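Read top to bottom, the protein sequences are chains A and B. Just so we're aligned, residue -17 is where the first sequence starts under the working numbering, counting upward by one. Just so we're aligned, residue 4 is where the second sequence starts under the working numbering, counting upward by one.
Some hints could be false.
Taking lysine to any residue and the SDA-like style, the derived pairs with C-alpha atoms no more than 20 Å apart in a straight line are [as the list claims (entries may be wrong)]:
{"id": "1", "chain 1": "B", "residue 1": "41", "chain 2": "A", "residue 2": "70"}
{"id": "2", "chain 1": "A", "residue 1": "81", "chain 2": "A", "residue 2": "24"}
{"id": "3", "chain 1": "A", "residue 1": "-2", "chain 2": "A", "residue 2": "80"}
{"id": "4", "chain 1": "B", "residue 1": "41", "chain 2": "A", "residue 2": "76"}
{"id": "5", "chain 1": "B", "residue 1": "41", "chain 2": "A", "residue 2": "24"}
{"id": "6", "chain 1": "A", "residue 1": "39", "chain 2": "A", "residue 2": "68"}
{"id": "7", "chain 1": "B", "residue 1": "190", "chain 2": "B", "residue 2": "175"}
{"id": "8", "chain 1": "A", "residue 1": "39", "chain 2": "B", "residue 2": "352"}
{"id": "9", "chain 1": "A", "residue 1": "39", "chain 2": "B", "residue 2": "351"}
{"id": "10", "chain 1": "B", "residue 1": "41", "chain 2": "A", "residue 2": "72"}
{"id": "11", "chain 1": "A", "residue 1": "39", "chain 2": "B", "residue 2": "350"}
{"id": "12", "chain 1": "B", "residue 1": "41", "chain 2": "A", "residue 2": "73"}
{"id": "13", "chain 1": "A", "residue 1": "39", "chain 2": "B", "residue 2": "348"}
{"id": "14", "chain 1": "B", "residue 1": "288", "chain 2": "B", "residue 2": "243"}
{"id": "15", "chain 1": "A", "residue 1": "39", "chain 2": "B", "residue 2": "353"}
{"id": "16", "chain 1": "B", "residue 1": "41", "chain 2": "A", "residue 2": "71"}
{"id": "17", "chain 1": "B", "residue 1": "41", "chain 2": "A", "residue 2": "75"}
{"id": "18", "chain 1": "A", "residue 1": "81", "chain 2": "A", "residue 2": "6"}
Worth flagging that the hints you see were computed from the coordinates, not collected in a lab. All figures in this text were calculated on a predicted structure; none of them were measured in a lab.
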Amino acid sequence: MSPADRKYTREHEWIKVEDAATNRALVGITEYAQDQLGDVVYFDLPQAGVSVRAMQKMGEVESVKAVSDLYSPVSGQVIEVNSGLIDHPEMVNEDPFEKGWIMRVTMSDATEMDRLMSPEDYEAYIAGL
Amino acid sequence: MNLETALHPNHLALGARMVPFGGWDMPVQYSSILAEVKAVRTGAGLFDVSHMGRLYISGRRAADFLDWVLTGSASTLQIGRARYCMICNEAGGVIDDTIFYRLAGDRFLLVPNAGNRIEVVDWFQRWIDDRFTGGCNIDDQTRETGLIAVQGPDSPRILDGLCQMNDGQPLSALRFFTWAEGRFQGKTVFLGRTGYTGEDGFEMVVRSCDAPAIWNALIGQGITPCGLGARDVLRLEAALPLHGHEIDQNTSPVEAGLERFVRAEGDYIGAPVLRQQQESGTPRKLVGLTVPGRSAPRAGYPILFQGEIIGHITSGTYSPTLDTSIAMGYVLVRHAAVGGTVDVDIRGRSAPARIVPLPFYSRTSQLRTSQLRTRRSRQS
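Full structure from sequences and hints, please.
Printed below as a string of structure tokens:
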């Protein structure tokens, strides 16, 4: 269920390398995360240009019933955030792995990816929650 | 180990997400809270509220006893009617809020909150032993019965097709805050035109063994099953208090804006304190707040005026019906005037909030607003 072309955090974010030459990657939250949150109504996201650090808080996602912190899977600089989520936060419920992506980053250290979970490890991890 | 209602297997079969609530394992949502709220505002929603208590109070002194433990009058309530009020302690704090129905001259049904049922029974028994020995008794039928709510504008039409009152009248003839006995596809039901959503609707006390068949018949009519998540949004839009949030043992009905459910005359528990508060006012008051946008102030967040904390949020949510964030909270009385502006500290971020009249949503004013919109759009 978790796409094979990316890696996963214990906080239920995913990261997918778009261009290895420039260290460009896309970040979002998983199917499990959106299902646990329920109807998402609001995102508080970083602005383009700001620096994020691996496993540090980068923003918040708010559903009708809960608020949850968002963590950046890697260190780097935000290139853009998914502006479509401002008016249509429900996109993250409908399509968390594609249309509901959250931000695009330039990684400062691609080896940080090695610390993240493979799709198989992540599936095993959520099965145990 | 949490208690399970007679409908627990039905919830699991519908794929509900279950959560512990008030000592029970209850559905928080089936599909989506937003979809469930919309169903109740525009069609009909189905709720299992069997976790709430069913206490039957009977005996020749039942009305006298309830007059003593409730802020609302039992002895003046006509048979066939229902009333909402508080159960207060001696300090005027709210032990619980409740709807009670007068079944007969000497018999009442009282519906306390799930998490307060045991405490209410103990509190009542203490006062029966102390002042009403042999005059009345409490029969807790919570486990032997179920409570099913059908709420929303379509609920009279849907129930009319399935259910009749014993006097032969259709269910839609039942007036607001009255009850009747009836038959639901041959099964005995107790019907109250009451609810906790701000919409028209009914609450049905049924035998536990009949609950699954009645539930399935309603699901078969296409009514949307709704969980506690939707119920909380709906009650908050209608500004109905939730015990443990807007009211508790340290909160009085006077500061909670519930004075109309507190009787001015008569001797009852908490009355001297409540009268004193009505006369001289309270330091704080419950207000309604709207915050532009969709990020909601939540319970416990500080409310500020010019940088100083003047109170705290008791409940807050994004309101899908009004498409803005709404909240209730206590503020110092000098900041409680409708129209004032304050700030809410949303996890370190300051958000401007406006103090607005309650309720946020009422089905009658909503009708007026939509008529007004239609008229305006015709003019333009």
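Hints versus structure:
1. 41(B) / 70(A): holds, 18 Å
2. 81(A) / 24(A): At roughly 16 Å apart (the allowed maximum being 20 Å), residue 24(A) and residue 81(A) satisfy the hint.
3. -2(A) / 80(A): holds, 11 Å
4. 41(B) / 76(A): holds, 18 Å
5. 41(B) / 24(A): holds, 19 Å
6. 39(A) / 68(A): The hint holds at about 19 Å.
7. 190(B) / 175(B): Holds. Residue 190(B) to residue 175(B) sits at ~18 Å (cutoff 20 Å).
8. 39(A) / 352(B): holds, 15 Å
9. 39(A) / 351(B): It holds: about 14 Å lies between the C-alpha atoms, which stays within 20 Å.
10. 41(B) / 72(A): holds, 15 Å
11. 39(A) / 350(B): holds, 13 Å
12. 41(B) / 73(A): Holds, because 19 Å separates the two Cα atoms, which is no more than 20 Å.
13. 39(A) / 348(B): holds, 19 Å
14. 288(B) / 243(B): holds, 15 Å
15. 39(A) / 353(B): Distance of about 19 Å is within 20 Å: holds.
16. 41(B) / 71(A): holds, 18 Å
17. 41(B) / 75(A): Holds - the C-alpha atoms of residue 75(A) and residue 41(B) are around 18 Å apart, at most 20 Å.
18. 81(A) / 6(A): holds, 17 Å
Violated hints are absent here; each numbered hint is respected by the structure.
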